[in-house]
Every structure is written in C-alpha cells, then in structure tokens.
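All chains, full assembly: derive it from the sequences and hints.
One line per chain: the protein sequences are V and P, in this order.
Counted from 1, the first sequence has number 172 at position 172 by our numbering; the numbering is strictly sequential.
Take any residue in the second sequence, note its place counting from 1, add 776, and you have its number in our numbering.
Note that these hints are calculated values from the structure, not bench results.
Careful, some of the hints might be misleading.
Below, in silico cross-link-like pairs of lysine-lysine (DSS-like), each with a Cα-Cα straight-line distance of 27 Å or less [stated by the list, open to error]: (1) 399(V) to 581(V); (2) 581(V) to 1260(P); (3) 1205(P) to 1260(P); (4) 1327(P) to 581(V); (5) 1260(P) to 688(V); (6) 593(V) to 1327(P).
For each label pair, taking beta carbons as the anchor points, the in silico distance ranges come out as [to be verified]: (7) 1384(P) to 303(V): 21 to 29 Å; (8) 312(V) to 1281(P): 38 to 46 Å; (9) 296(V) to 1383(P): 18 to 26 Å; (10) 637(V) to 1281(P): 44 to 52 Å; (11) 375(V) to 1310(P): 26 to 34 Å; (12) 910(P) to 677(V): 54 to 62 Å; (13) 1312(P) to 648(V): 56 to 64 Å.
Residues from chain V shown here face chain P by an in silico Cβ test under 8 Å; the list is partial [unchecked claim]: (14) 278; (15) 280; (16) 450; (17) 653.
All C-beta atoms in this analysis are idealised placements derived from N, C-alpha and C, irrespective of residue type, glycine included.
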Amino acid sequence: MTCGRAGGRVWALSSPQGRGSWSRSLCLPRGTAGSVVPLPPSPPFGETFDRMLGIVKKPFVVAVEINISLVAVTVMGLMSRLWGLSYPRAVVFDEVYYGQFVSLYMKRIFFVDDSGPPFGHMLLALGGYLGGFDGNFLWNRIGAEYSMNVPVWSLRLLPALAGALCVPLAYQILIELHFSHCAALGAALLILLENSLVTQSRFMLLESILIFFILLAVLSYLKFYNLQRHSSFSGSWWFWLLLTGVACSCAVGVKYMGLFTYMLLLAVTGLHFWHMIGDQNFSNVSLVYHFLARGLALILIPVTMYLSFFYVHLTLLYRSGPHDQIMTSAFQASLEGGLARITQGQPLEVAYGSQITLRNVLGKPVQCWLHSHTNTYPIRYENGRGSSHQQQVTCYPFKDVNNWWIVKDPGMQQLVVSNPPRPVRHGHIVQLVHGITTRYLNTHDVAAPISPHSQEVSCYIDYNISMPAQNLWRVEIVNRESDTDLWKTILSEVRFVHVNTSAVLKLSGASLPEWGYRQLEVVGEKLSKGYHQSMVWNVEEHRYGKSQGQKDREVELHSPTQMDISKNLSFMAKFTELQWKILTLKNEETEHKYSSSPLDWITMDTNIAYWLHPTSGAQIHLLGNVVTWASADVAALIYTSLSLWYLVRRQRKIYDIPEDAWQLWVSAGGICLGGWAVNYLPFFLMEKTLFLYHYLPALTFQILLIPIVLQHLGNHLCRPPLLKSMFSALVIAWFSSIYLVYCTFSPVTYGEPSLSVPELKDLRWKDSWNILIRKQ
Amino acid sequence: MRRARPGAGALRMPAAGGGQARPGPPRHRESRRLPGGPARPAAPPAQAAARPAALAFVTLLSFASRFHRLPEPPHVCWDETHFGKMGSYYINRTFFFDVHPPLGKMLIGLAGYLSGYDGTFPFQKPGDRYEQHSYIGMRGFCAFLGSCLVPFAYLTVLELSKSLPAALLTAFILIFDTGCITLSQYILLDPILMFFLMAAVLSMVKCNSCADRPFSASWWFWLSLTGVNLAGAMGVKFVGLFVVLLVGLNTIYDLWNLLGNLSLSLVTFGKHLLARALCLIVLPLALYMAMFAVHFTVLNKSGPGDGFFSSAFQSQLVGNNLHNVSVPEHLAYGSVVTMKNLRMAGGYLHSHWHLYPEGVGARQQQVTAYLHKDLNNLWIIKKHDSDTDLSNPAVPVEFVRHGDIIRLEHKETSRNLHSHQHEAPLTRKHFQVTGYGINGTGDSNDFWRIEVVGRKAGKLIKVLRSQVRLTHVATGCILGSSGKTLPKWGWEQVEVTCTPYLKDTPNSLWNFEDHINPRLPNISLDVLKPSFAEILLESHMVMIRGNSGLKPKDNEVTSKPWHWPINYQGLRFSGVNETDYRVYLLGNPVIWWLNLVTIGLYLLIAVSTAVTLKRGVQLTSEHKELSRVVLHGGGQIMLGWLLHYLPFFMMGRVLYFHHYFPAMLFSSMLTGITWDTLLKFCAGFFSPSTISRKVYGGGFLALVLLIVYSFYLFHPLSYGMIGPMASDPNSPMAGLRWMDSWEF
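What follows is the structure in structure tokens.
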C-alpha cells in the first residue's frame, strides 16, 4: 500500500482552473494488458528515409507490455467463478424464478415480469439458447433436480463470466482513479475473495450481470474523463464516452437498480461539465459540441438502447401466454394464439345491431366482462336495504354466452345490422340489450348492493310499478382523436354515460355475495371524479348481428365469431403499455423467510440459504466475507469523518494534505462512497420485500473504498518509516485474515465439500444466521 | 410605486436622481438603467414612504377578501366535520386520536372557547346546519391566520428582492387566488399550518438580512421567532417538517460561510453555532413538547381515541375502564381476559358469530383484531386437557405459567381459538385463525403454548406488563395481527393470522388487558403510569402509523401530485345539487397557470444567469443585482417550493388537492420575483429611460389587471354558487368550466 506515485495526473471533481500545465508522461497507467507502445513522432523527411532503410535492416519488432498482475487476477477471477459451475445440478434459489422466464423465451411465449426490464432475462435466455435449451422444465421448487435437457453450465455461464470480469474491472477503476497498482491489486483481490459475490455469480441470477455493467460504466466514464484533457473528440474518447452510455443502459436494462448508478454518473458528468463552463480555455462553440456529445452518449443512446431491449423482447415473444389477461385487449390481439384466435377477422367498426362483449379496461382485481343473467337482485339485502329486484348486471371473469350485448338504436326496433352498417360514433345515444334475455341495460336512483353511494345497474324488468325504464346511454370514446370518431372494436376505450342521471357505468371492484355468485359488482357512478380505468370499457368480441328472431339469435350468440380484419399495434404503443404494466403491476406484498431490512445488511446480520443437498449437509448460502464487510464499513466511516475533518479545516484555510492528494481523495470518494450511497439508501424508502442480495452493488462500491482509504492512510498519516512498515505489516496480516475467512466459508459458498453438523455449527458466527442443520 | 423625480421627462437623468450615481461603463449608464430602481439597501425616499402604505393596502384587501361572507354557508363544510369536532373534544376534554399533532386543533378549540362556543355541536357530517351554535369564532380565527399570509408573503418578497412591485405582485396573486380564499374561510388546519410556515420563512429571511449585525436585538428576535414558528408548523401537521428542512439547509449554508470567514475567531463561530442550536433546535423542541404536555393535560377523559393507545396509557384517562381499576395481577386458569396486540394501534383479539365466507380458508368463525372495546373481546383461559368448572371454589386456583399449553375459549360464542394450515384471508403465506368447536370442545388444533418474552419457564404471567407470545402447538406458528384491514365481510376489522415466520415483532406479541377472576385479590394499576417521554413516543408512533395507514383503495379515483400545479381538479367543500349553496376549492386558473409557466421561466432564467456568470461575462451593476435576486432570493424560494412539493410523489398515503397549497405559496412568491426581474431586464433594452419605465409599468399593470379580472370571473367558486351548474348556459359560471375535470 505504500507504493503510491508522487506526481500522478489529477482526476478531480473540482475545477481544474489554474493548473494548466502538467506533464503527460507521468500519467499513463503503466502498461495495461496488451497495450502497444506508440511509435515516436515522425521526424523530417530525410531522416524518415534513413529510418525506413533501418527498418528494412533491422527485424520488425512489436513490443507488447503485459500487466501480469492484471492477467493473474483475471484468471483467478475466472477460476473462482467458473470452477464446478454445473454443481449443484438442481434449482438454486431464485433460479426457480428466472428459469421460468428463460423457458418462456425458449418457447417464445409472452410474459410480464414486474421485477424489471427484460434485458437481464434475455441475457439469461441467451445462455439457454447457446446451450440448446428447449425450455421444457417445470420450474416449480427450489432444490428440484435438473433434467438432462437443461444445459445447466451454459445457463450459468454468463452470470459467472460477468462476476469474474468484475475483478479486473475493480483493478482498472482504481488505476483510473490514479491510485497505485498495489491499491488496485488490493481492490481486485478483495472483490475476488468476497464470498457473497462469488455465490451470487455462480447461479442463474441477475446481480452479477448488474454489477458488471455498473462497474463497466464507471470505468469507461473514468477513462473518458482522463482522455478529456489531451484528446477530446479522439477515437478512444468517443469509444469510452459511448461505452459509458451503453453500459449504463445495459445496467438499467438488467434491473431498475442500475438507474441509481446511471443518475450518479449523470450527476458527475454534469458537475464536470459545469467546471468546463467556467474554464475560459474552452470557446463557446466547443462547449456546445461537448454538451451535445455528452447528451448524445449519455441520454440519447441509453434511451434508444432501452427501447431496443423492449423491441427485441416483443419481437421474440409473439405467442400468447400466462400473463395475457394483464394486458389490454388490443395487446392480447397482437399475440399469436389466445385472444387473437377469437378476434381474428372481426368487423372493426361497431354499428347499430352489433353483438359485442364489453371488457373492463382496468383488469383489477381480475379481467372481466359486462355480464347479466336471469337472476334478480334480492328484494332485501342482509343489512336491510332494499333493491329494485330487477335482473342482476355484474362483471364476470370468464368467457360466457351471457356476456354478449347488442347495441341498439333507441329510435328503431331492429336488433340486426342494416346494410350498409350504420356505425356508432362518439356522443351517440344507444341502448344496450342483453343478448340472451333481451333486457335493456338500465340504471336508476337505487343504491347499489355493495357500494351504496353509487347507483344500481340492472337489466330492466317492467314490474308495472312507478319505476320507469331509464336505459339510454351516451357513448363517450375516451381515446378518440376527434368528436366524430367511430367506435372501434378493441381499440376504442368507451365510457357509458347514463342520459337521465349522468352516472357512469363502473366496475366497483367489490364482489357480490352468494346471491350474485361472487361475481363483481357493476355500478353507476354519479360523482365521477375524472378519468379512471374502472369506468372505461372496450369491445372485445364483436360481430354484426344477423338474426332478428330471439331463437336464431341465441344460436348465433353461441356460435364462434368469424370474418376478417387484422389489427396491429405499433411498437411504441406496445412498449408504452408493457412498460406501464411493469411499473404499476403490484404483486401482493409477500413475506419471505429470508427477507431482511436494509439495516441488517451493513452488519450482515442476515443470510439467505440458497440450496441444501437433499441428503447430505452440503448447502449453499449467500454469506459474505465477514472481515471484508466490517473493513468496508470501517473504511466508509474513516472516509466520511476524515473528509469532514479536512473540509472544515480547509474552510478555515488550513491545508493538511497537498492539493493533488485532496483532489484524488475527493474524486475517489465521490465515485465509491457516492456509488455506495445511491445503491443503498434508496432501499429505506422502498416498500417491497428486500433481500441481502440487493445490497451487493452497494457493497462492491464500498469494497473499492477500502484500498483507497488504506493508501491514503499509508501515504499521508503514517509518515515515519517505522510506522510505515508497521502499517504495511498490519495490512498484510489483515489480508491474510480475509483469505482465511474466505477459505473457511468456501464450503457454503461452493456447496462443496459437505460439512458435518459440528462443523456447520462452528460456521454460525452470528446468532442471526440461519445455517441449515439437518435433524439427526 | 414609481420614484418621483423632478423633470421625469428629461432625457438625461441627473446623477443624483434616486441616489444611484455609481461609476460604471458610460455606455451602460443610460441604456441599461432600470426603471424600478434596483435593489439597494437605501431605497429611494418615495418608495420607502410607499412601503408602509402598500403594506397596509394589501393587508386590508387580504382581510376584506377572507372575511367577506365568512358565515356562509351556515353548515358544516368538508373537513370541518373533523377539525370542528376535534376542537369540541378539547372543550369537552375528551381524549381522541388524530394523525396530526395537536397544536392546530388546540388553537381551534381555544378560539371556539373564547368566542363562546360550548362544544356541544356534534359535527357529524358535512351539510349539518349549525343552527344556534356559535361557529363564527372558529372560522374567524382561521380566516385571520389565512389573511396574515398575504402581508407575510409581501414582506418576504420585499426582503428578498428589495423591489416593491415584486412584493405587490405576489400579494395580489395571493389575495385574488380563489383557492387561498376558500381554504382560509373554514375551520381547517391548513390556514394555521400555512400561517406558521410563512411566518417561519419570513423570520428566516429577516434574520438573514440582519446577518451584518449579529447578536443584535433584532437578530435575536428574528432568530428565536423562526424557532417558535418552526415549532408551530410542526405542531399543526407533519408537513411542517419540510419548512424545518428549508430553514435547516439555510442555516447550514449560513454557518458554512461563517466558518469560511477567517476574520471571525473560532470562539465567535462557536457563539453563532450555539445561538442557532439554541433558537432553532432547543427552543422549538421544548415548545413542541410543551404542546403535547398541554394536549395530554387537557384531554384527561376517556373518549373515542382510547383504543389506539396501549393499556398503560389508557389507565391514565378518566372514565376508561382501566382508570383507577384494580385487577388480579397474575393470570390463572378460568380468568376472563382481553388480549391487546402490541403493535402500535393494534387491536383486541376479537371474534363474533359470523363465519369466514366461502373461498376464504375453512368456513369457520371469524377471528379478528378490533380497535374498540366490546364484549366480543373477552376470552376465557382454560387448560388444554381438562374441562373442569374452574369457578367451583372447591378446585384450587391454578396460575398460568410461562410455557404452559392453554386453550382460549371465546366467552360469547364458546368457540376455541383455532388455527390450521389453510391460508389466511389476506396474508397468503400465513395460516388462518378461526373460532372452532362447540361449547368449548374442539380438537388439538386449539392448543396454544403461552410464553412471556424474556422470561424463564415456570414463571407467572402478569396482567398488562407481560409481553406474551402464543405459539400454535400443532403447526408451530405464532398468533399475530397483520395490520391489514379485512373487506366488508370481516366488518373492516383487522386481520389476525398465525405466522410461520418466527420473528419477535410487536405484531406477534400480546398483553392481557382486562382480567376478571373473582377468586383472586386485586391490585392497583397505578404502578403502570407511563412517563411523559413514553407517552410522547407512543403518540408519535400511533400518528405515523395512522398516517401511513391512509392508503387509497383500488378502483378509487385519487388525486395525484402532478394534478396539482395544473389545477386539474378541485375539492367540493359544500353542496352538490343545483339548489345547494356550492363552494368549490379550486385555484384561480389564470394565477395557477401563470405560476406554472413561471416555474419553467425561472429555471430558464436561473440557468442562463448561472452559466453567464460562470463564463465570466462582465455584467453591469444593475444586471449583477438582478442576477443576485434571481439566484439567491429566487433560489431560496425555489428550494422551498421543491421541498414542499416533491416529497408528495414518494408518499404512499391518500393525497388531496389542498396538500399543494404550502407549495403554492412559494410558487406565488417566485412568480412575483421572476416577473419583476424579467420586466426589469426587458425594459432595460429600451432607451430612453422614460420608454423603458413605461414598458415596465405597462407590463406590471397588465399582470395585475389580468389577475384581478380572472378573480372577478372566478370569485363565485369561493363566495358560493347557487343555481344551475356550469354546464348549463344560464349559470353565472357558464363557459368558465375550462377543464372537464372541474366539477361546478
């Protein structure tokens, strides 16, 4: 830790003003892997000719510098992550969750996963594709043995590779932050020997991929920034800038958590650009160019990439599947099979006489269709309120012949479509006739059964009491473009406004009791407060009615629909809908045995059992390296307090450390501590079920902080040689303890070898850890 | 408003005019001179004279607009039903529970008390007529505080921008905003909250401008006043926390600059630090706690809020069945008990004859947690293996011990507390808890092991003090209350489950509250008396839980934060039908949209100013002054707006339109500052100075006229509409329903 360079180039968060000249020669990181030594600048022509002759005379030499330590840590990283990758040949923890999506990708079946965007799932599926997986595996429980058709090794390969590459990335980041090779090596080794990162990388999980992209984004931004000084707009400058954007979008595409790092990098970019604005060496025009380049690479490209993930996702998954009913009818109709099979070739425009089914757009609590049946509302409800005793109107979650309604012109008697059809437009007044019972949809000033503040909706029966039929409804097309728009099958979202009472037909969300067969309640909402999806309906199945007689019509209603027109949604419409569903879909808040709170994470008071051998005591846990976690916490603490100390003293114009070292300290901390904070603190605001693995990205940043703090302490606080050597000895001792802990816990990291009961008990260093001990 | 100057029409301005002579590039002298008089500590004499008059004028207008038609409508409007009721509780000294801290309601109660209201009106639901009850005092009090907002905003803007027109513009915006008027006219917490909030901002700004003479009397005055107002704002609603943040950030910034000032010794800096800690932390905290002390002292009678609090707390309330009672101390077999869940605001273990509906686990009797006291909360403790009549004096009394296996029989229905491996109604991963068996005969699924937290086996179990865990013997799960509300079939009581996750959370801990056993000696409960700190902590936990419990239901149209600045939808204060006296809380759309546009405009101006300064462009002194106002003054206000608006996006609770009004105050001040700056800047391009002055004056006048005219159009929103709805062409509001979402 004591081999820091004296005059390294300064990478700074603060203004570079007033430090115009610094030497370039000192600041090249010495020999990254495979870098080619540049040729000297070309001399005048005469000499050039001589030299050319010289080249002919001498043998042609390309000198390649290879950083052996970088190669070594990379190889070690690969070994630690890839060793025995297909063991255990059983479903491990969340593989059971991601696996089902991989299978659906293999079968091209559409799904919605609210845990995040599809890029991560697609990468996992890529592994399955390369391994020739056919998708036939029932992902039903953790610990289930994989059948022979599952290419376990290739499914787990990509996450493991990503996890392994984090090791050299950590090394490079420290170099780019202008810390010594020792510090960089330390960072790489800490990442390498972190049990939790090893465990998380070795299975079909997304965290290691996320961490890889996050680190890649940070590294490429640092490279870009370090190139900024002397070679703006050069090829490599562009390369690293664009790579930053690409890596950011990949990180966001894997999990929304990536957004935090993306925001951090955007903020750092903004800050650096702000310093550039203050720098008079830049002309206004060049500033604009710089601004545009950053906007292109860090905003435009990520957005495009993000959209393209969805494009690929939607292109790959074209068959209907288990999550169809979450989506709108239009979306469902765009998938092969499912609803599309029914709606294929329906007439597009709803006309007077059309036979339709009406689906509520909200789809919560379940998707359902407007329904009626011959049963009536009970005269008195349980709580003593009375009803109209007319025919029930409900919303029914299954396809049924009683879901069919006929659109009727109030001025005419006929229930068939005339020739040519007269289409219904926005604002038209219609009656809705229930197909099987031929009763009219009606609402009146009677309290609804479950929601007494709203009006009851019924199919009108004339009891010859003073309760006239009120069955006129105005069709309002919510998503119309003009006032003369036509009512279209599937595409139009329609509100039915009652003409007499201006109540709106609404799904209340409550379910009816026994007498209503637990179907969902439909009401007329008088106080409609603006737009809500529960008041909007769309036509799903549709055909032009042809039979005038009731008997014929019943036969017609029972027969499947036909005719053809095909509908296609644009990509943007599909994307918007899918994205919206992913963000708003709320799974029921679940409790989990291994769920934990963010406070447990810093001290690692919790673990997660990933897998247990069905017979022996071999098991895999997500369990970190205790020494590393503790050191990372201490490092963060030291960094914060030391920074505060320096800051306060600087404000009083007392400078404890040289300006260069201060800039180094600030910039490194900004990235590492900032990365930790943005990836950790937001979890305190989240209400979803949290697990220890959510902390791993934050932990990675925190680990990077350790060598930074150590080098700083070694360089600036341990001045006397004796102290310096003591410090070095301590660091070495500390490193060996980390290695020892890594070895101690490796049986539960790799699941091999199987441990005996006393050995397992010995591993339970904290009472709150849940190590599985089989009862004898 | 204008500087009176001799020979105003003269082309060349005398250097002495308005005391503005200052060296500068000569070519800017004429062309860039600004009409309104740039901010200078020494204001021109005429303007200085105009200031008190202007202040008096806007104050008068403000009071007139707020007190106009104050008694109308003479019935309960909107949330008056809550806050009026709570005011009455203070007068009657009955204990109640509310999600907000007590200051606002205490002040309402005080105002009612002083104005002769006797606390007898029930405030049952909106629309109830007040009849002979005196309600004007309470409304008048709120209107008074609401009227003070205008002078406060005026003074704040004046202090920040040093420009009279900017201050006047802000004042006019607030005076003529229908939303602010409506919100100030009723018995609500919002005018009280906004009063303290604006007062805190004003005193903070005033204190900042005293920075050149620290530790002077006025400095101390404003600093401590800031602290007092912070306590007030926090004491009315937790939203007051945002203004605390604003002041906190301002103070940190201030202290940081002082630290960097090397001419100050560390001792002086320490004094500054101490003074601020004293006035802004210690003082508000002391006041805040004093408020609660008063609250708990005044409310000493049992009332509707008891059930939300712990048993120990309830024993303090006169009239509560735990007050001054003595119960047997140790639990014995045969005792009749109630069990209270230890979660804050947890309920009593409850059962009733109704069964779980079909499809929800087994069709057995419901077991729930119920917040109110009820005979159905009573359970009898029995031995698991024998059914002897324990009231028989021949049988010796046997105490229940830690680790015993017991059976709990519901007293009213004689069913046993039962659990089995069916999923619970709402929390799917837990097991269902039911009442099972007939006349106390059930099966082995009725057995529960009773354990006291932190106690060894064999110890007795104490009433109230022991925290008890009930473990289901057959499945090993723990009896707990999930805190979720059951649907209609469960009477909206709280779900009780048996959780297989063995974590010691308050959800799965219970204590015994009532304890009836005639065969045991009673002891007094006074030993349980909680300390003030415990009471304070508990009431805060209950309030926070209550706040986060206000979740919107599915299929319910709720107000979203993005609706607010665009004035998307208002709130119906009173009246629905054509014949009613209707009041509708909606901002004056012209003003609100002006505010909205101004926020964008301000950001544009601020960014371009900041970039210009950063690029080191040389500015004239006038422009320097303008940029200072935009960046420093406007920045503070902008920060206030952000702090009072953005957090709502992260809140899970039900939100209402009126939550935006504190942010709206900041937004209005920003509008005043921004337009004044913009007009000055634009007018600066015109020469000679007379034309530029005309441009400036014209722009200002146009804005004011626009505001007044829009108020003329929309004033019925606040002062009451009777007759046909706006959709009817005969209505006075016809054609004013500019957005479909407005309901008037």
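Each hint tested on the structure:
no. : hint                          : result
1   : 399(V) to 581(V)              : holds (23 Å)
2   : 581(V) to 1260(P)             : holds (25 Å)
3   : 1205(P) to 1260(P)            : holds (14 Å)
4   : 1327(P) to 581(V)             : holds (20 Å)
5   : 1260(P) to 688(V)             : holds (16 Å)
6   : 593(V) to 1327(P)             : holds (26 Å)
7   : 1384(P) to 303(V): 21 to 29 Å : holds (26 Å)
8   : 312(V) to 1281(P): 38 to 46 Å : holds (44 Å)
9   : 296(V) to 1383(P): 18 to 26 Å : holds (20 Å)
10  : 637(V) to 1281(P): 44 to 52 Å : violated (29 Å)
11  : 375(V) to 1310(P): 26 to 34 Å : violated (57 Å)
12  : 910(P) to 677(V): 54 to 62 Å  : holds (56 Å)
13  : 1312(P) to 648(V): 56 to 64 Å : violated (34 Å)
14  : 278                           : holds (5 Å)
15  : 280                           : holds (6 Å)
16  : 450                           : holds (7 Å)
17  : 653                           : holds (6 Å)
In summary, the numbered hints that this structure violates are 10, 11 and 13.
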